[in-house]
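Novice: Protein sequences, first through last, are from chains A and B. First residue of the first sequence: 13, per the numbering used here; consecutive thereafter. First residue of the second sequence: 29, per the numbering used here; consecutive thereafter.
Keep in mind that the hints were calculated from the coordinates and are not lab data. Accuracy of the hints is not assured; some may be wrong.
As the list claims (entries may be wrong) - If you anchor each label on the Cβ, the simulated ranges turn out as follows:
(1) K213(B) x P15(A): 17 to 27 Å
(2) M94(A) x F208(B): 40 to 50 Å
(3) A126(A) x Q75(B): 32 to 42 Å
(4) Q66(B) x L48(A): 16 to 26 Å
Unchecked claim - Below 30 Å or equal to it, Euclidean Cα-Cα: the simulated DSBU-like pairs (lysine-lysine) are:
(5) K54(A) x K122(A)
(6) K38(A) x K194(B)
(7) K213(B) x K49(A)
(8) K82(B) x K49(A)
(9) K213(B) x K45(A)
(10) K122(A) x K102(A)
(11) K194(B) x K45(A)
(12) K38(A) x K82(B)
(13) K102(A) x K49(A)
(14) K194(B) x K122(A)
(15) K194(B) x K54(A)
(16) K17(A) x K164(B)
(17) K213(B) x K17(A)
(18) K213(B) x K122(A)
(19) K213(B) x K38(A)
What the hints assert, rightly or not - To be clear about the criterion: a stretch of chain B counts as covered by chain A if any three or more of its residues have a C-beta under 8 Å from a C-beta of chain A, and this derived list gives those stretches:
(20) 143-156
(21) 187-193
Don't be surprised by glycine CBs; every beta carbon is placed ideally from N, CA and C.
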Amino acid sequence: MRPLKDQQVHFTYAFCAEFYGAWDVKTAQTIAKAYLKLDAAKSDIESNNYLIRDIIGEYDIQDSAYIDNTLDASLVLIRQLMDKPKGPGKTIADVRARAEHTQALASDVKNSLAALAPPGWRG
Amino acid sequence: MTFSVKSGLIVLGAIVLCANMAVVNAAESKAKRDSEVQRIDVIPQPQRILFVGKGFHPRQAKVIRTTDTAEGRCDARLLRQALRESHGIDCEIVLTPSDNDKTFQLSLCHEMVFGPMPPSPVGHGDESYALRVTDKEVVIAGTGSAGLFYGVQTLIQLIGQAERDKCEIPGLDISDWPTFTIRGKYIDSDQFGIPLGTPMRCTRITPGAIQCGP
Chain A
13 MRPLKDQQVH FTYAFCAEFY GAWDVKTAQT IAKAYLKLDA AKSDIESNNY
63 LIRDIIGEYD IQDSAYIDNT LDASLVLIRQ LMDKPKGPGK TIADVRARAE
113 HTQALASDVK NSLAALAPPG WRG
Chain B
29 MTFSVKSGLI VLGAIVLCAN MAVVNAAESK AKRDSEVQRI DVIPQPQRIL
79 FVGKGFHPRQ AKVIRTTDTA EGRCDARLLR QALRESHGID CEIVLTPSDN
129 DKTFQLSLCH EMVFGPMPPS PVGHGDESYA LRVTDKEVVI AGTGSAGLFY
179 GVQTLIQLIG QAERDKCEIP GLDISDWPTF TIRGKYIDSD QFGIPLGTPM
229 RCTRITPGAI QCGP
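For reference, chain A alone in the conformation it holds in the complex:
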C-alpha cells in the first residue's frame, strides 16, 4: 500500500490534469492548488456543520435526504452554542472565523481559476 501523505499532492495534480483536460502545466497546477485549498476549507465547514448542522446546505437545496436537518433546528443549536460554548474551537466565534476564512479563500480560488479562462470565455 502507498501512504496517502506521500501520494496526495501528486495524485491531485495528475487527477486535475487528466480529468479537466488541462492544456498546460500552469493550468493543471492552478486547478490542483484549488482542490487542495478547498479540501482543507471543506474540513473547516464540516466542523461547523458538526456544531450547528448543515445550515447552508439546508437553506440552499431543502433536500429531503437531510433527515431532521431544518433551519429551525440549526438556529436552536446556534442559540445553545452562544449561551454555552463547548470549548476550544467550538464557539460561535470559531464557527464565524472558519466561515469567513472559507469565504475569503473561495474568493481567491475563484479569481485564480477565472484568470485561466481564455478571453471572452463565460463560465
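Take the given structure of chain A and dock chain B to it, following the hints.
Specialist: Just chain B now, kept in the frame of chain A:
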C-alpha cells in the same frame, strides 16, 4: 597535551560527521531531484515503473498496430482519438491477424517496423499489462482484454502529460495490475450537478464500476 589530543579527535570526528551528513544530504537531494524530474502523471500510479533509455515523441507517431479483435480495434480507435485531440495527428490503424483469442497487444510507432512485445506481468490476472516506451515505439501487452484497455488508458494519460510538459514520453518499462479486485467510484449527483461527460472521464482514471447517486 592530552586535552589537545582529545580536542583534536573531537574536531576530527565532527568534520567526518559533517562530511558524511553532507554526502547523505547530497544523495537525498539528488534522489529527490530525480524523482521530481522523472515522474509520470498517471492515475492510478502503476505498480512498477522503471525509467530506461530514450523516450518517444507522440507528435511523430504514425501507426497504431493491434491484433484484429473487437477489443483491439476499440482500443486502437480510443488511442487514435486521444492523439487527434491532444496533438492533432491522425494515425493509421494496422490490424494484424489474430493467431488466437488470447493475444492482447498494441503498439504505437513512428514507422512500420515493429519490435518485440514486453512480457506481460504474470500471476496478477487478466487485468494486468506491461507497457514499454522506447524512442521508436510504445508497446503494450495485456494478459487479457481488460489489461490491454488499462494499458491504453495509461498511454493516453502519458500522451496528455507529454503535451502539457511539451516534451516526449520518457523511456519507460511499466508493469501494472489492480491492487483490489473490486473497484468503484461513487458520484454524488444528488448534491452536485454532474455534466454528462463526467462518467466518461472517470472511466479513464477509475478502472472499475461507476455509480451516480443517490
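Novice: Work down the list of hints and note, for each, if the structure agrees.
Specialist: Evaluated hints:
Evaluation of the 17 to 27 Å hint for K213(B) and P15(A) yields a pass: the beta carbon distance comes to about 21 Å. Taking 40 to 50 Å as the suggested C-beta distance range, the pair M94(A) and F208(B) conforms, at roughly 47 Å. Between A126(A) and Q75(B) the Cβ separation comes to about 39 Å, which falls inside the hinted range of 32 to 42 Å. Range check, Q66(B) to L48(A): about 23 Å between beta-carbon atoms, so the 16 to 26 Å window is met.
Taken as a hint, the K54(A) and K122(A) pair is honoured in the structure, with Cα atoms around 15 Å apart against an allowance of 30 Å. For a cut-off of 30 Å, the pair hint linking K38(A) to K194(B) stands: about 12 Å separates their Cα positions. The hinted pair formed by K213(B) and K49(A) meets the criterion: a straight-line CA distance of about 22 Å does not exceed 30 Å. With a C-alpha separation of about 37 Å, the suggested pairing of K82(B) with K49(A) is violated against the 30 Å cut-off.
A threshold of 30 Å between alpha carbons decides the hint, and for K213(B) with K45(A) the separation of about 22 Å falls inside it, so the pair holds. Proposed proximity of K122(A) and K102(A) is supported: the alpha carbons are some 28 Å apart, at most 30 Å. Taking the CA atoms of K194(B) and K45(A), the gap is about 21 Å. The hint holds against a cut of 30 Å. Between K38(A) and K82(B) the CA atoms are separated by roughly 26 Å; this keeps the pair inside 30 Å, and the hint holds.
Between K102(A) and K49(A) the alpha-carbon distance is near 22 Å, which keeps this suggested pair within the 30 Å criterion. This hinted pair checks out: K194(B) and K122(A) have alpha carbons roughly 27 Å apart, not beyond 30 Å. Restraint check for K194(B) and K54(A): not satisfied, since their Cα atoms lie roughly 34 Å apart, outside the 30 Å limit. Taking the CA atoms of K17(A) and K164(B), the gap is about 37 Å. The hint is violated against a cut of 30 Å.
Taken as a hint, the K213(B) and K17(A) pair is honoured in the structure, with Cα atoms around 21 Å apart against an allowance of 30 Å. Between K213(B) and K122(A) the CA atoms are separated by roughly 27 Å; this keeps the pair inside 30 Å, and the hint holds. Taking the CA atoms of K213(B) and K38(A), the gap is about 27 Å. The hint holds against a cut of 30 Å. Counting residues of the segment 143-156 of chain B whose C-beta sits closer than 8 Å to any C-beta of chain A gives 0, which falls short of three, so the coverage hint is violated.
Check result for the segment 187-193 of chain B against chain A: holds, 5 residues qualifying (beta carbon to beta carbon below 8 Å, three or more required).
Violated hints for the displayed structure, listed by number in ascending order: 8, 15, 16 and 20.
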